[in-house]
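> Let the hints inform the model, and build the full structure from the sequences given.
There are 2 protein chains.
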Amino acid sequence: MLILNSAEVAQKTCRRWKKQSSIAFVPTMGCLHEGHLELIKRAKELAPKVIVSIFVNPLQFGPNEDFEKYPRVFEDDCKKLETLGVDLLFHPSVKDLYPEGFTSKISVGDLGSRLCGAFRPNHFEGVATIVLKLFEITSCNFAIFGEKDFQQLSVIQQITRDFNLPVCVIPHPTVRAEDGLALSSRNSYLNLDDREAAKQIPIALKLAKEQASNHSHQTTEELLEKIRPVLLEKGLKLQYLEITKSRYLLPTAPTDSISSLTLPHLFIAVYAGTTRLIDNVSLSSTV
Amino acid sequence: MLILNSAEVAQKTCRRWKKQSSIAFVPTMGCLHEGHLELIKRAKELAPKVIVSIFVNPLQFGPNEDFEKYPRVFEDDCKKLETLGVDLLFHPSVKDLYPEGFTSKISVGDLGSRLCGAFRPNHFEGVATIVLKLFEITSCNFAIFGEKDFQQLSVIQQITRDFNLPVCVIPHPTVRAEDGLALSSRNSYLNLDDREAAKQIPIALKLAKEQASNHSHQTTEELLEKIRPVLLEKGLKLQYLEITKSRYLLPTAPTDSISSLTLPHLFIAVYAGTTRLIDNVSLSSTV
Chain A
4 MLILNSAEVA QKTCRRWKKQ SSIAFVPTMG CLHEGHLELI KRAKELAPKV
54 IVSIFVNPLQ FGPNEDFEKY PRVFEDDCKK LETLGVDLLF HPSVKDLYPE
104 GFTSKISVGD LGSRLCGAFR PNHFEGVATI VLKLFEITSC NFAIFGEKDF
154 QQLSVIQQIT RDFNLPVCVI PHPTVRAEDG LALSSRNSYL NLDDREAAKQ
204 IPIALKLAKE QASNHSHQTT EELLEKIRPV LLEKGLKLQY LEITKSRYLL
254 PTAPTDSISS LTLPHLFIAV YAGTTRLIDN VSLSSTV
Chain B
4 MLILNSAEVA QKTCRRWKKQ SSIAFVPTMG CLHEGHLELI KRAKELAPKV
54 IVSIFVNPLQ FGPNEDFEKY PRVFEDDCKK LETLGVDLLF HPSVKDLYPE
104 GFTSKISVGD LGSRLCGAFR PNHFEGVATI VLKLFEITSC NFAIFGEKDF
154 QQLSVIQQIT RDFNLPVCVI PHPTVRAEDG LALSSRNSYL NLDDREAAKQ
204 IPIALKLAKE QASNHSHQTT EELLEKIRPV LLEKGLKLQY LEITKSRYLL
254 PTAPTDSISS LTLPHLFIAV YAGTTRLIDN VSLSSTV
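Top line first, the protein sequences correspond to chains A and B. Just remember that the numbering used here sits 3 ahead of the position in the first sequence, which is counted from 1. Just remember that the numbering used here sits 3 ahead of the position in the second sequence, which is counted from 1.
There's no promise every hint is true.
Copies of the same chain look alike in the list, so a pair counts if it fits in one copy or across any two.
Mimicking BS3-like on lysine-lysine, the simulated pairs with C-alpha atoms at most 25 angstroms apart in a straight line are [said to hold, decoys possible]:
id, residue 1, residue 2
1, Lys209, Lys240
2, Lys47, Lys22
3, Lys15, Lys209
4, Lys248, Lys108
5, Lys209, Lys237
6, Lys151, Lys212
Keep in mind the hints are simulated off the structure, nothing from the lab.
The structure is reproduced here in structure tokens:
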């Protein structure tokens, strides 16, 4: 496995590869778990060359967020990537990607200011900006993103369409622990009590899915009223709980019946202790 | 010469070409004059495949600007491009480049809000957005931009650096009429009186260049005081007259001596009648 820190060298290497082969890319912030590894396995199926990046992107963290304490376990990550047969690990410094004089940003419009964007003001601008940069550096044909961060996935699909990026964005189903909790590098922050409370998230999602299937004429507010107490039962604190519609994740009205919505989707953000956790599920009858 | 309207088809065509050849690209808004044609000749020297786009980009026009009346002479343009041996003319519709649901934009930071950006609030955001899209569609190795729109050139160099775009941005010297006026599609708006007054622009630029060479210890304000009356002599109305420094076109103080500045550059924006004209010149002693 080649490990490169320089954007310039990585870009040249990838351009050379691209002439002979297609490239699949998995961007990560490291601290790799089984969810990441599944994305990489999917990448291996898609293209002969697989590139993974590890970069904790300061641009997507707010001033009071966990940029400094975000878990960094580079050597463990390297071993995992090596085992999977990754061709290139791109591991740049902040200075290399955001040198002095860097000023350009991508704004993604309303999609970036709803849901998590309402609580993390420049988060999706930061995500979109780094993802465009990484797409340009890796010249990837495919990029794989987990559905756990569904709004992030939607933002990346949006900029890919809007800027005509020649990349096929591949969504991958959320990978879950045995008890249903979505895998996340931030789960390592949870103490035993938090972890116990967090189990309510997949229970709530499952209930929502059942309700949407079996009682699809109920309204969004009726459905949310059923799952809210389930979520809160063990001490989670709710940040937001919303049902959106369409691929743009548009707001819905409390009186909209689930069955009337195109691509209804439920989003949850909670705090377990001081750790923020997000999850989501499609409420479409066909999915 | 191939003429394509569809971004999707153009992108596929360019990707196919790219595998065998490098590509040089000249984006235009049409109404081609000798300035454009020189950019295209330069493109022919740079790469075996040359692509020109003609697209009057609504995103870079303000609500009270000349989007509707901007000159469109597609058939004349085609003949000129054919004669020059252009390989592909990309001529998309607004709907094809900005379909329903389009929301993403590029912001370029302070560089986009100074000089022309102060008077045309979202202009450079619109320029940066369309240029990124066209770079992605054409997969060009080289893109050629005239120095007449020097701030635009600087914005494009900025986003190319910031987003790691694998494109070599080539500046091309301003092409001028015999009397020195910079060629511009908007010159067609000028009546005889306006055209006569507009001659003061190149006279002012020439004076500024001489002053900067021969009296480089004078301050920016001393220099501007000398050229301002020359500009205004025949009835031009001044929008702005500024000296910047550095590749970021940073503001300078009235008391800065020209010789103390890195890459000093003079920018002029005036109205000749109702027609807005811009021009610029480097005040560096070495250029």
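> With 25 angstroms as the alpha-carbon cut-off, assign the pair Lys209 and Lys237 to within, between, both or neither.
within (17 angstroms within a copy, 76 angstroms between copies)
> Indicate which option fits the pair Lys209, Lys240 if close means a Cα-Cα distance not exceeding 25 angstroms: within, between, both or neither.
within (19 angstroms within a copy, 68 angstroms between copies)
> Given identical chains, is Lys248 near Lys108, meaning Cα to Cα at most 25 angstroms, within a copy, between copies, both, or neither?
between (27 angstroms within a copy, 23 angstroms between copies)
> My question is about Lys15 and Lys209: at a cut-off of 25 angstroms on alpha-carbon distance, are they close within one copy, between copies, both, or neither?
For Lys15 and Lys209, neither the intra-copy (46 angstroms) nor the inter-copy (42 angstroms) Cα distance is at most 25 angstroms.
> Pop the pair Lys47 and Lys22 into one bin, within, between, both or neither, using alpha-carbon distances up to 25 angstroms.
Cα proximity of Lys47 and Lys22: in one copy and across copies (18 angstroms, 23 angstroms).
> Up to 25 angstroms between alpha-carbons, please classify Lys151 paired with Lys212: within, between, both or neither.
within (16 angstroms within a copy, 59 angstroms between copies)
When the structure is compared with the earlier hints, a violation turns up for hint 3 alone.
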